[in-house]
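S.K.: So you can see what is in the structure, the chains are spelled out below.
Protein chains: 2
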Amino acid sequence: MAIEIERKFLVEELPVIELQNAVLEEIQQGYLIREADREVRIRRKGELFFLTEKKGAGLSREEHEISINEQMFDALWPLSKGMRLEKARSTFMLDGYQLELDVYHGELKPLMVLETEFTSEEEALAWSPPEFAGLEVTGDKRYKNAQLAKTGKPDNG
Amino acid sequence: MAIEIERKFLVEELPVIELQNAVLEEIQQGYLIREADREVRIRRKGELFFLTEKKGAGLSREEHEISINEQMFDALWPLSKGMRLEKARSTFMLDGYQLELDVYHGELKPLMVLETEFTSEEEALAWSPPEFAGLEVTGDKRYKNAQLAKTGKPDNG
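Chains V and R, in that order, are what the protein sequence lines are. Position 121 of the first sequence, counting from 1, maps to 121 under the UniProt record's numbering, and the rest follow consecutively. Position 36 of the second sequence, counting from 1, maps to 36 under the UniProt record's numbering, and the rest follow consecutively.
Okay, chain V solo, but in the shape it has when bound:
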């Protein structure tokens, strides 16, 4: 188990300079269980496959990720019907922090979300987001991936 402490911001315009040194990965994910305080999802990231459980809500969430194989992913994928999303993730460093910029595909287009993880809530709250970060949506349930996968892009997104 790991505690995931993160902040999340909408992005209106791609930060072209920052993305020059980013690592780009295509992510496909589907939700298998969505309970009030828990979700279980599967994810394909390139040729790697994961099953992840997240518990809790807001700034800190408990997360556990299990590496699975393609057979398991393929067996479970049909169960995520109607609760899927795809996005391109760019990962890059900025002022000592690792940032992830997700550009959503499909119906969620043109949604773009910036995420950063921290080791403590104090550190998270002290962090100043870069200029290209727009509206903060940390803890906003409408921007949880499980919610985006199910109901699509929020009206103001």
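Please note: incorrect hints may appear among the correct ones.
Put simply, identical chains are the same to the list, so a pair is met inside one copy or across any two.
With a cut-off of at most 30 Å between alpha-carbon atoms, the simulated DSS-like pairs for lysine-lysine come out as follows [said to hold, decoys possible]:
| # | residue 1 | residue 2 |
| --- | --- | --- |
| 1 | K54 | K81 |
| 2 | K141 | K109 |
| 3 | K144 | K81 |
Calculated from the structure, these hints are not laboratory results.
Given chain V, work out where chain R should sit, using these hints.
M.R.: Just chain R, lined up with the frame of chain V:
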């Protein structure tokens, strides 16, 4: 993540008196991933379903269990073909410790294994097993459930 610290013993004869107050559950489990230092299994325990990852070997193992639903269990079960086992688990208290006695079905019959979990390795090593506990097989790879599911009962079992 939890650290699982346990000791394991063969049992030759059922401890009839101790079992009078035991809780009995039928367990069905199958292995999906078996790597040198990691395994992923699914388990049905009555009407509950779990996906569990275990890492490491010996007295202490890292374990994480995720509650899944019957649909996920059913989708994954075919992938465990050839790596399954069934057992009846009796859980009971003895001198302040919770003991689990597993009576294996099918090809593993008449194997019976007693397990107890501890909160530290010191406590585990200090514990005196009850009289009905036979040969200690803690850390014996042949008695790992994943191994039993794949290759059956060891010759001296």
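S.K.: So, for every hint listed, does it hold in this structure?
M.R.: Taking the hints in turn, this is what the structure says about them:
For the identical chains of this complex, K54 and K81 are neighbours both inside a copy (19 Å) and across copies (29 Å), given an alpha-carbon limit of 30 Å. Taking CA atoms no more than 30 Å apart as the test, K141 paired with K109 passes inside one copy only; the shortest distance there is 18 Å, against 51 Å between copies. Within a single copy, K144 and K81 get their C-alpha atoms as close as 17 Å, which meets the 30 Å cut-off; across copies the closest is 36 Å, which misses it.
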